[in-house]
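Let the hints inform the model, and build the full structure from the sequences given.
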Amino acid sequence: MDNVLKIIMQRLALGLLTLLIVSVVIFVAVNMLPGDFAQAILGQGATEESVAAIRRDLGLDQPMITRYFDWLGGVVQGDFGASFASANAASFSGTTSGVKTVAQQIGPRFANTMFLAAVTAVIAVPLAVTLGILAALYRNSVFDRAANIFTLTSISSPEFFLAYVLILFLAVLNPIFPSLSNIYDGMAFSERLNKSMLPALVLTLVVTAHMMRMTRAAIINLLASPYIEMARLKGMSPMRVIVKHALPNALAPIINVVALNLAYLITGVVVVEVVFVYPGIGQLFVDSVKTRDIPVVQACCLIFAAAYILLNLTADIMSILSNPRLRHPK
Amino acid sequence: MNGISRRGLLKTGVAAGVLGLSGMPLRAQTRGGKFTAGLNGANTSDSWDGRTHADMFMIGAGMGAVFDCLTENGADGSLKGELAESWEASPDAKVWTFNLRQGVTFHNGKSFGADDVIESLQLHVAEGSKSGAQPIVSAITEMKKITEHQVQFTLASGNADFPYLMSDYHLLIYPAGQIEEAIAKGIGTGLYEVVAFDPGVRFVGKRYENHYKGDSAGFFDEIEYIAINDNTARMNALLTGQVDAINRIDFKGEALLNANPAVRVQEVTGNQHYTFPMHTNTAPFDDVNVRQALKYGINRQEMVDKILLGHGQVGNDSPIGPANQYYNADMEQLAYDPDKAKFHLQQAGLDSLSIDLSASNAAFEGAVDAAQLFQASASAGGININVVQEPADGYWSNVWLKKPFCACYWSGRATEDWMFSSAYESGAPWNDTKWENARFQELLIAARAELDSDTRRDQYGEMQQILSTEGGALVPMFANYVQAVNNRIASPDVVGNLWQMDNCRMAERWWGA
Numbered sequence: 022m023d024n025v026l027k028i029i030m031q032r033l034a035l036g037l038l039t040l041l042i043v044s045v046v047i048f049v050a051v052n053m054l055p056g057d058f059a060q061a062i063l064g065q066g067a068t069e070e071s072v073a074a075i076r077r078d079l080g081l082d083q084p085m086i087t088r089y090f091d092w093l094g095g096v097v098q099g100d101f102g103a104s105f106a107s108a109n110a111a112s113f114s115g116t117t118s119g120v121k122t123v124a125q126q127i128g129p130r131f132a133n134t135m136f137l138a139a140v141t142a143v144i145a146v147p148l149a150v151t152l153g154i155l156a157a158l159y160r161n162s163v164f165d166r167a168a169n170i171f172t173l174t175s176i177s178s179p180e181f182f183l184a185y186v187l188i189l190f191l192a193v194l195n196p197i198f199p200s201l202s203n204i205y206d207g208m209a210f211s212e213r214l215n216k217s218m219l220p221a222l223v224l225t226l227v228v229t230a231h232m233m234r235m236t237r238a239a240i241i242n243l244l245a246s247p248y249i250e251m252a253r254l255k256g257m258s259p260m261r262v263i264v265k266h267a268l269p270n271a272l273a274p275i276i277n278v279v280a281l282n283l284a285y286l287i288t289g290v291v292v293v294e295v296v297f298v299y300p301g302i303g304q305l306f307v308d309s310v311k312t313r314d315i316p317v318v319q320a321c322c323l324i325f326a327a328a329y330i331l332l333n334l335t336a337d338i339m340s341i342l343s344n345p346r347l348r349h350p351k
Numbered sequence: 069m070n071g072i073s074r075r076g077l078l079k080t081g082v083a084a085g086v087l088g089l090s091g092m093p094l095r096a097q098t099r100g101g102k103f104t105a106g107l108n109g110a111n112t113s114d115s116w117d118g119r120t121h122a123d124m125f126m127i128g129a130g131m132g133a134v135f136d137c138l139t140e141n142g143a144d145g146s147l148k149g150e151l152a153e154s155w156e157a158s159p160d161a162k163v164w165t166f167n168l169r170q171g172v173t174f175h176n177g178k179s180f181g182a183d184d185v186i187e188s189l190q191l192h193v194a195e196g197s198k199s200g201a202q203p204i205v206s207a208i209t210e211m212k213k214i215t216e217h218q219v220q221f222t223l224a225s226g227n228a229d230f231p232y233l234m235s236d237y238h239l240l241i242y243p244a245g246q247i248e249e250a251i252a253k254g255i256g257t258g259l260y261e262v263v264a265f266d267p268g269v270r271f272v273g274k275r276y277e278n279h280y281k282g283d284s285a286g287f288f289d290e291i292e293y294i295a296i297n298d299n300t301a302r303m304n305a306l307l308t309g310q311v312d313a314i315n316r317i318d319f320k321g322e323a324l325l326n327a328n329p330a331v332r333v334q335e336v337t338g339n340q341h342y343t344f345p346m347h348t349n350t351a352p353f354d355d356v357n358v359r360q361a362l363k364y365g366i367n368r369q370e371m372v373d374k375i376l377l378g379h380g381q382v383g384n385d386s387p388i389g390p391a392n393q394y395y396n397a398d399m400e401q402l403a404y405d406p407d408k409a410k411f412h413l414q415q416a417g418l419d420s421l422s423i424d425l426s427a428s429n430a431a432f433e434g435a436v437d438a439a440q441l442f443q444a445s446a447s448a449g450g451i452n453i454n455v456v457q458e459p460a461d462g463y464w465s466n467v468w469l470k471k472p473f474c475a476c477y478w479s480g481r482a483t484e485d486w487m488f489s490s491a492y493e494s495g496a497p498w499n500d501t502k503w504e505n506a507r508f509q510e511l512l513i514a515a516r517a518e519l520d521s522d523t524r525r526d527q528y529g530e531m532q533q534i535l536s537t538e539g540g541a542l543v544p545m546f547a548n549y550v551q552a553v554n555n556r557i558a559s560p561d562v563v564g565n566l567w568q569m570d571n572c573r574m575a576e577r578w579w580g581a
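As they're listed, the protein sequences go chains A and B. First residue of the first sequence? That's 22 in my numbering, and the numbers climb one at a time after it. First residue of the second sequence? That's 69 in my numbering, and the numbers climb one at a time after it.
Just so you know, the hints here were simulated from the structure itself, not pulled from any lab data. Check the hints yourself; a few may be wrong.
Just some of the chain B residues that point at chain A, by a computed CB distance under 8 Å [as the list claims (entries may be wrong)]:
| # | residue |
| --- | --- |
| 1 | 109 |
| 2 | 112 |
| 3 | 113 |
| 4 | 210 |
| 5 | 269 |
| 6 | 290 |
| 7 | 294 |
| 8 | 296 |
| 9 | 298 |
| 10 | 301 |
| 11 | 304 |
Have a look at the derived ranges for each label pair, beta carbon to beta carbon [unchecked claim]:
| # | chain 1 | residue 1 | chain 2 | residue 2 | range |
| --- | --- | --- | --- | --- | --- |
| 12 | A | 143 | B | 202 | 51 to 59 Å |
| 13 | A | 40 | B | 203 | 42 to 50 Å |
| 14 | B | 263 | A | 196 | 22 to 30 Å |
| 15 | B | 401 | A | 70 | 51 to 59 Å |
| 16 | B | 470 | A | 45 | 55 to 63 Å |
| 17 | B | 326 | A | 39 | 51 to 59 Å |
| 18 | A | 331 | B | 206 | 31 to 39 Å |
On a predicted model such as this, the values are computed, not experimentally measured, just so you know. By construction, the Cβ of each residue, glycine as well, lies at the ideal position given by its N, Cα and C atoms.
So this is what it looks like as structure tokens:
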């Protein structure tokens, strides 16, 4: 077990380093975008003096390196700063009361995104694994081909297209689910679920193919092994052979793929959230990039990166735990 | 309403009640039900602070539902009292006395009086404040409480539009002494009190019982505004019945809405206009003949048809639109005429003219296309326009006001004086045509303090004519406000055209069908 712990620590340290690099890349990238917050927010009113005034208020007139380290210093202490938009809005009144911190802004949005990811995972993971097992069982049958074609088609289509197809069939022609996923605090769970269903289904369509095909491939890979042959010779039913004997050994790659796709559910929701007006982190991210609100963009990117790092780490640990040989190294 | 002169209206403002009677639509307005609107222009940094309001969502929730101003713009363009019942001006339009409505209470029970007005207006000139209404309020040199329900304002110089300016959506009235709390929670005197407000996501309000507007306005029991910044999502929401009304229709999707019998599209021409300003102090634009050549070289109707897809009205090189009081509709319409363009070039002593026109879609949607249409139509008149595509980012800082000839957008202003003093007054920072004209300037100053309506009409009419024949801005088109409502909701025959969505007052003026 010490071994596992050591791996975790190592990976966490590497993860922190990755986050640091990500933050530098994002900071530089956002600063290289033409225009800045002052120009974006002022629009037509962007005369030299007013741009300069906002830049001064927000510290945008400082050199980039100074700004980066100021920000980093805050983040290390758990302070992600105040969003430019909020600080600027508050400056209209000449006071700093009512300035929202980035954490306050992202918090509820992140919770919403996690909710959507959870709903999707609950639908997509069992669906994909079951489809994968069935496809392995009836490989090369009509069912196998149909499942493959369907999932590959859906993963190959852009998300906004899938979203509009689902809106057409499930909201416009057959009004089963609402096309507007405007969930809010204090909404009943069932209503929240109902409103989140269409975005969850779109995300399900996007992530199912990958998981299903990995499940299928991993199982088929094992079906040629001698111990499966043995199980068959004992006269077990094909279903039992797959679920009892093949699946446990195929878990490591499946878990890996599931974890990757879960990470996608957090980071890849941007388009889906915009189409369905789902108040999650993706929408906030799009709005913030539009206005060059660097503190919010940075924080969103860090969350996305951290989600990838943590879920990958989880995947590795789970695959170690699911493999006795790695669990008990000689 | 024809019986009331503008002078009488301005000087005494007693007209409020009369206007209410004559402006009443004939269909039955019933109380009850819920109204849901999908609106754009929402932001996570939104708050109930009127100084920050700039876009549809918060103007609709602030001025349109939760708060009131001293005066309001009627759907027909007339001025009505809101928290002020009537007003009077001194003959030089410098001292204004407002009689406030009695028996009005804020949503927290506090009763409304003169202190509330004074304290609320002072917010806009507070140290460090960047309020959009700062120029309006800073023109007031003294605010005096005469009685509990009477306030007197003294202005630095006469301004006949002062009551009109008090209807500005920034100038919301908060309860004195509790302003911080009122901004945090949204406590106003409006028709709807706040039930839930999630900045950038949604606003829910319920009808405030015992409101002073009684049964004449605010017909819904409950209203909900949902922030939908994406055009397609907004249209979907309306088509699937998730919302009853949406603002700002994408012209390309309008056919879909028209095909749906449950939805009707509302369209009004207001004051928003697209322009091509040229610096009248820079060669070759300092020659009035060159400007006139360009005026005849642009095909306005083609631009309305192709850039606005018909959703607009041709402009006449004046920034005053149909939603303004003294809109001069009698001016001769400038029309495309390459021969006249050639003639004016000759007058300027030129055979042909080559100029750069800077454009970007940041100026307005389709600005680059419009510039290219202009290029094509002007070439017939011997004018060679070189269209320079500028980057969208930083357009307003680097191109507008800097390049001698570019594309630009104006949302328009509620009053003539406000529009002219923003963009055409000598020395104004946003004077994007570097316009200096002695007669124009003289009229501008004179009309500002003129209380007689007919004289003002003449003055503003002449100013529009000057701009049309000599001015430095080409105003080829006024763009319509296009919005859509479903048949669960009824709306009056006349819908306000100063701002979108019935001047952002749909929750007040519309009712359940």
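Now for the hints, and whether the structure bears them out:
A cut of 8 Å between beta carbons decides the hint on residue 109/B: the least distance to chain A is about 12 Å, and the hint is violated. Contact between residue 112/B and chain A, as hinted, is supported at the beta carbon level, the nearest pair being about 6 Å apart and thus within 8 Å. For residue 113/B, the shortest C-beta to C-beta distance to chain A is roughly 4 Å, which falls under 8 Å, so the interface hint holds. A hinted interface residue such as residue 210/B counts as satisfied when its beta carbon comes closer than 8 Å to some beta carbon of chain A; here the least separation is about 22 Å, so the hint is violated.
The beta carbon of residue 269/B is positioned within 8 Å of a beta carbon in chain A (closest approach about 5 Å), and the interface hint is therefore held. Given the 8 Å rule on beta carbons, the hint for residue 290/B is violated: about 15 Å separates it from the nearest Cβ of chain A. This hint holds: residue 294/B has a C-beta 5 Å from the nearest C-beta of chain A, less than the 8 Å allowed. Annotation: interface hint on residue 296/B holds; nearest CB of chain A at approximately 5 Å, less than 8 Å.
Because the smallest distance between the Cβ of residue 298/B and any Cβ of chain A comes to about 5 Å, under 8 Å, the interface hint for this residue holds. Here the hint on residue 301/B is kept, as its CB sits about 5 Å from the closest CB of chain A, short of 8 Å. About 5 Å separates the beta-carbon of residue 304/B from the nearest beta-carbon of chain A, less than 8 Å, and the hint is met. Against the hinted window of 51 to 59 Å, the Cβ-Cβ separation of residue 143/A and residue 202/B comes to about 53 Å, which satisfies the hint.
Here the CB-CB span from residue 40/A to residue 203/B is close to 47 Å, well matched to the stated 42 to 50 Å. Distance hint check for residue 263/B and residue 196/A: the Cβ-Cβ separation is about 26 Å, which falls inside the suggested range of 22 to 30 Å. As the Cβ distance of residue 401/B to residue 70/A is approximately 38 Å, the hint placing it in 51 to 59 Å is violated. Taking the beta carbon of each, residue 470/B and residue 45/A are about 34 Å apart, not inside 55 to 63 Å as hinted.
A C-beta distance of roughly 52 Å is found between residue 326/B and residue 39/A, which places it inside the suggested range of 51 to 59 Å. Checking the proposed 31 to 39 Å range against residue 331/A and residue 206/B shows it is violated: the Cβ atoms sit about 54 Å from each other.
The structure does not agree with the numbered hints 1, 4, 6, 15, 16, 18 stated previously, though it agrees with the rest.
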